[in-house]
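Starting from the given sequences, assemble the full structure and let the hints guide the process.
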Amino acid sequence: MHIPDGYLGPHTYIAFWLIMIPIWYHTGTKLTAELKSRQAPLLALAAAFSFVIMMFNVPIPGGSTGHAVGGGIIAIVIGPWASLIAISVTLVLQALIFGDGGITAIATNCFNMGVVVSFVAYYTYKLISGNSAITSSTRIIAAAIAGWISMTLASLCAGFELGIQPILEHTAEGVPLYMPYPLSVTVPAMVLEHALAFSILEAVITAIIFAYIQRTDTSVFYGEKSEMEMN
Amino acid sequence: MDKLTRNLAIGLVVLMIFVPIGLIASGTAYGEWESNELKDKIGYVPQGFEELADLWHAPMKDYNIPNGPSFEDSEPVASAGYILSAVIGMIVGGGFLYFIGKKVAKD
Chain A
1 MHIPDGYLGP HTYIAFWLIM IPIWYHTGTK LTAELKSRQA PLLALAAAFS FVIMMFNVPI
61 PGGSTGHAVG GGIIAIVIGP WASLIAISVT LVLQALIFGD GGITAIATNC FNMGVVVSFV
121 AYYTYKLISG NSAITSSTRI IAAAIAGWIS MTLASLCAGF ELGIQPILEH TAEGVPLYMP
181 YPLSVTVPAM VLEHALAFSI LEAVITAIIF AYIQRTDTSV FYGEKSEMEM N
Chain B
1 MDKLTRNLAI GLVVLMIFVP IGLIASGTAY GEWESNELKD KIGYVPQGFE ELADLWHAPM
61 KDYNIPNGPS FEDSEPVASA GYILSAVIGM IVGGGFLYFI GKKVAKD
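Sequence lines, in order, name chains A and B. 1 is the number of the first residue of the first sequence in my numbering; add one for each residue after it. 1 is the number of the first residue of the second sequence in my numbering; add one for each residue after it.
Among the hints, erroneous ones may be present.
Said to hold, decoys possible - No farther apart than 20 Å at their CA atoms in a straight line, the calculated lysine to any residue pairs in the SDA-like style are these:
{"#": "1", "chain 1": "B", "residue 1": "K41", "chain 2": "A", "residue 2": "P61"}
{"#": "2", "chain 1": "B", "residue 1": "K106", "chain 2": "A", "residue 2": "Q214"}
{"#": "3", "chain 1": "A", "residue 1": "K36", "chain 2": "B", "residue 2": "F99"}
{"#": "4", "chain 1": "B", "residue 1": "K106", "chain 2": "A", "residue 2": "E224"}
{"#": "5", "chain 1": "B", "residue 1": "K106", "chain 2": "A", "residue 2": "L31"}
{"#": "6", "chain 1": "A", "residue 1": "K30", "chain 2": "B", "residue 2": "K41"}
{"#": "7", "chain 1": "B", "residue 1": "K106", "chain 2": "A", "residue 2": "T29"}
{"#": "8", "chain 1": "B", "residue 1": "K41", "chain 2": "A", "residue 2": "G62"}
{"#": "9", "chain 1": "B", "residue 1": "K3", "chain 2": "A", "residue 2": "Q214"}
{"#": "10", "chain 1": "B", "residue 1": "K41", "chain 2": "A", "residue 2": "P182"}
{"#": "11", "chain 1": "B", "residue 1": "K61", "chain 2": "A", "residue 2": "V92"}
{"#": "12", "chain 1": "B", "residue 1": "K3", "chain 2": "A", "residue 2": "S37"}
{"#": "13", "chain 1": "A", "residue 1": "K36", "chain 2": "B", "residue 2": "K106"}
{"#": "14", "chain 1": "B", "residue 1": "K41", "chain 2": "A", "residue 2": "A33"}
{"#": "15", "chain 1": "A", "residue 1": "K36", "chain 2": "B", "residue 2": "K61"}
{"#": "16", "chain 1": "B", "residue 1": "K3", "chain 2": "A", "residue 2": "D217"}
{"#": "17", "chain 1": "B", "residue 1": "K106", "chain 2": "A", "residue 2": "I60"}
{"#": "18", "chain 1": "B", "residue 1": "K61", "chain 2": "A", "residue 2": "L96"}
{"#": "19", "chain 1": "B", "residue 1": "K102", "chain 2": "B", "residue 2": "L84"}
{"#": "20", "chain 1": "B", "residue 1": "K103", "chain 2": "A", "residue 2": "L31"}
{"#": "21", "chain 1": "B", "residue 1": "K61", "chain 2": "A", "residue 2": "H67"}
{"#": "22", "chain 1": "B", "residue 1": "K102", "chain 2": "A", "residue 2": "E34"}
Keep in mind that the hints were calculated from the coordinates and are not lab data.
This is the structure:
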């Protein structure tokens, strides 16, 4: 889902910079106001985790590959705002140092994997969890579903952004300038490979880590402040 | 460091060691093809794509040491480069956020 340079035309990638700069700014202000010293290690671990988990490429039939993002569990544990920052830091490093994802596409990729994954995962988890106890097994299922839906929706966004290129960017003769495939190809391709493979991997990872933290120390979960205040 | 943070950090180190497993998948992700792969698919390289694709030359492209061999050419070297990339990515990203986090934290 790391869109490289060359696939998105300027209309799209500039639009996403214009969307992401205020989001990053707002998040920075929000975290500066709310972040506790105790949360810094988790924020750091979150960035490191998303970096390493994205390196586990998984092959699927047809020759394509993909990977989990880790954003589901990160958003549930540290909250969607901190999560979008942790994943953004990872995506910037991946683009600058390792050439994974384009420079022009950094904002777009941060929108898909940072904003969409984090917020969809967090609110799906909260919605399904409802008033269940923090230690309830309902929450493990909620975490798994959050992981699956968040990745699948992010892939839908990426598929859409790629697929609108032939409409937005073409020569006078109609030849595509950037991503050549239309929405009817890119959306099913992106969504199906995620829904049937990578999002399932994300769901499993989200559920396993969630269950582990649930058994170890529920006070770290974002929004579960009662026990945290005592430390 | 509390027990949970320590155990999560240990888990990350384990993941880091096993990261070369991710190199076994040799295909290219959908929509991330290089220009030659794109040309094979559609018969031409889109003009705008050609202008943008080489905009940036990443020092450790494909999570490898600079100008390092591909996994097909040298599994040990590519694996070592991949682990080194994980170490760098995790330390730089995690370190940056740890530093910023501690700096802005209110307590």
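Practice prompt. Sort out which numbered hints this structure fails and list those numbers smallest first.
Written response: The structure breaks hints 2, 6, 14, 15, 17, 19; every other hint is satisfied.
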